[in-house]
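Given chain A's structure and the hints, the job is docking chain B onto it.
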Amino acid sequence: MSTLQVAPVETRSNDPERQVINDFSIQIATVNGSGSQTANMVLMRSIFQMGIPVSGKNMFPSNIAGLPTWFTIRASEQGFIGRKKEIDFLVAMNPETAREDVLKLDSGAAVVYDEPLKLNALRSDLHFYPVPFDKLVGPVCPEAKLRKLVRNMIYDGILANLLSIDLEEMRKAVFKQFGKRKAKAAELNMGALTAGFDYAAQNLTKTDPFRVEKMNATDGKIIIEGNAAAALGSMFAGVTVVTWYPITPSSSLVETLIGYLKRFRIDKESGKSTYAVVQAEDELASIGMALGAGWAGARSMTSTAGPGVSLMSEFVGLGYYAEIPTVIFDVQRVGPSTGLPTRTAQGDLLSTALLSHGDTKHPMYFPSSCEESFSMAIDAFELAERFQTPVFVMLDLDLGMNNWMSDPFPYPTAPINRGKVLSAADLERLGGFARYKDIDGDGVGYRTLPGTAHPNAAYFTRGSGHNESAGYTEREDDYINNVDRLNRKYESIRKAITPPVVDYNQRASIGFVAAGTSHYAVDESRHQLKKEYNVETSYLRLRAYPFNQDLIDFIRRHDRVYVVDQNRDAQLLAMMRLDFDPADIARLRSVRYYGGLPLDARTVTDDIVRQEGI
Amino acid sequence: MSTTVVPPAAPPPKKINRIGLEVLSYKGGKTTLCAGCGHNSISERIVECFYELGVEPWKVAKFSGIGCSSKSPAYFLGMSHGFNSVHGRMPSVATGALLANRHIIGLGVTGDGDTASIGLGQFMHLLRRNLPLIYIIENNGVYGLTKGQFSATADLGSKLKTGVLNDLPPFDCCSLGLSWGATYVARSFSGDKKQLQAVLKTAIAHNGLSVIDVISPCTTFNDHEGSTKSYSYMKDHEEAINEVDFVPFYEDISVEIPEGGVQDVKMHDGSTLRIRKLGRDYDPTNKMHALAALSEAEQKGEVLTGVLYLDTSKPNFVDMLNMADEPLATMPVSRTRPPKEALDQIMEELR
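In order, the protein sequences belong to chains A and B. Here the first sequence stands for residues 1 to 614, numbered as in this note's numbering. Here the second sequence stands for residues 1 to 351, numbered as in this note's numbering.
In isolation and in its complexed conformation, chain A is listed as follows (with noise of 0.2 angstroms):
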């Protein structure tokens, strides 16, 4: 028997007299293709005005139309925007899923539902609201061939009405949603909408517990997209050269790029750009024309997800061994080969870290935020350039493609530090200089571009054996020597990239290790375990790789580590089995999940009570 005090999981009940504000997770399921993401956004907006931490995903079929898709919106007043494994509020527009929707749910959960589907006649243990969709859009919406879009606007209003989300709010949403131009779509939809609001208030009796509720959690926050926040942070890292190919999830992230480039980076008097963007046609060109322009003195980068950095592993390795600046930013999906492109997964890392034959590394960033998102691109083109290397940064379908509340962004103070360039003039003071040479220690050359007007300026660039002088080699002595500094270069990385966030808990016997998104789950398990089980963690949070002295230091300082992962094969722990020692390695257990859908905390807390036998 636990000594432990075990609080009750709550459990739901029926009493008309209990409320539930501001803490409630909702679904919408519709059909791919049928416009809902517009009033998906409205309701997620509407609730972040009024001050409510919220947070939205996507989830969707890998087609264009015609597949189911859910959205989840979830409230949170504690400020937990992880997903949230049970739902408390269904709406089911998608006569195909509904079924499934409604059985899945747990008792106490409300159902806002198509009328002619019937769903009230699965269960009795739900809340059910049947909304006439078809009668109502009719009146509000004349032109036949809109309506189908229009319609998703009613469930807003009808949610509205019984979640007691303002309808000023809504309005305000809409017409932010739709911006100045769209004024007439605006209208119409907000006339949907109301007319939801008013259906529901003349004809539905609430009975289910769930109410927002306004508080001050959101002031001076934005909303955003990974994907977009890391374009932003590229954007004002002075990017220049970008090179890419379309893939999901990674998509978004070079086209709301061009959109920034298009309006900040036309030189106004010239009316020229000071950047490049070009769509490649395949991620073998676009990491060979991305390590072109990092080679000739650009701050380039290219954009993909695993497909992509599969195909890029030969390149990536001559960008490392020809000591060539680039940023590869990867948001993951998950694999192998095509494996579900729409879904999340963090499966990348290990196959990543040595990307390429013979002996590669590489160094990783690991963003579990918008913020950081925007300020490790930043972080990422600095590091490329001062190591003269690919660096990766590494986002998740769920960071890139889902709208987070966020911070705003500050705007980067450091100077930018174009790392060891020698000039005509520095060459001309020199004499001369050999590309792979170590003079400062750090295991990081000098280089010149090309271009540069001076006899002395050039070397030859190659992926075969070289000296110091970036002459040919077959010696064993000039390889070993190359590679060794190699080696002494990426010691440099180990000690300038982004340290771990650490939170030491002098109670704890236990700690969470984890990175990118997984950080929401471990966040609200650490919550949970301490709320229902009385359990006390630690937790570090990774941000690059290679991993630090501050890994090893809290794994020394606690009996179990557990390290998350979201993908099958345990590649977090896989990577510090490469490095660390085998006492400290005893340490580590595994909490892994790799079903696609973002990582939940009551996934996270079962395991760790599983494992602890609590």
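The set of hints was computed from the structure by calculation and includes no laboratory data. Please note that a few of the clues may not be correct.
[As the list claims (entries may be wrong)] Examples of chain A residues toward chain B, derived with CB under 7 angstroms: (1) V241; (2) I416; (3) A458.
The structure displayed is predicted, hence computed values, not measured ones. Positions of the beta carbon are idealized from the N, C-alpha and C atoms, including for glycine.
Relative to the frame of chain A, chain B by itself:
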């Protein structure tokens, strides 16, 4: 008593080009290719052309893929940056570099193995983009570094030293170039010094993609009877469609006006390509004509050389991007990082 002091013989004045550099400034490292390799002759022509035209070598960047041909950029223009990249994907590297610095003169050297197999995709897209790049294909129909396998440009029915017959048709890189967008297409032979020089000089002056297919026999693996890429086959089957002269912009064009059948094409930099028609009625500004001539020659087992096609009007890829004139690579932060007001404005829009 007077003694006659014989002054030491004055050293002959060093020969320099119009920007004051000796030919030595255009040379590279010692070649490691086989003696008699056609590629070495091409390297020599490159040295001569850049020297004679007085191009500043540090303005040139050399690009290559993998193979014997791709090793050769280490053997010429030692004062130019060089990038020996991965197999068949040099076009992407060159594209990136030329975007980063649009003032670089890009010189790509590749082979038939590099371009016509793994590199076919990037070659096609390079053509489509009309990147301002000199793209020299050192074509010997064979894989040298891996000791003599057929490449995809080997002629149908040609024979390896081991007696193996090639039973698949070749890619004709000039036909591909013509079909998919190169604005200058020429074929030459590594043994034809004069023609190759004129062809290369024209490429240096051209403001677009130059595809130059140079038949360059492999003395070790593919220079025997039965090979269609051998010195002896070329001697018997080469047919020059035109005689070409290149007149640089700094020379007077009016000198030595040849008689009859002469066509002058004005290049972007003010130079002139002077084409004298030979035998057949051939118009190098007509793409369909060029394709037909290549196809006809193929039927007859001839190898057409000379300038096949030239279009000086089509915009190149770099110009199409509407970039600022200053190289992106060295643009100051003040131009590449938008001001704080821009970020404030964006944040406001996202609230």
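request  = For the hint on A:A458, just tell me whether its beta-carbon gets within less than 7 angstroms of chain B.
outcome  = holds, 5 angstroms
Given hint A:I416 near chain B, where the shortest CB pair must fall under 7 angstroms = With Cβ-Cβ at 5 angstroms, under 7 angstroms, it holds.
task = Answer holds if the nearest beta-carbon of chain B is closer than 7 angstroms to that of A:V241; otherwise answer violated.
result = This hint holds: A:V241 lies near chain B, its Cβ roughly 5 angstroms from the closest one there, short of 7 angstroms.
When held up to the earlier numbered hints, the structure conflicts with none and fits them all.
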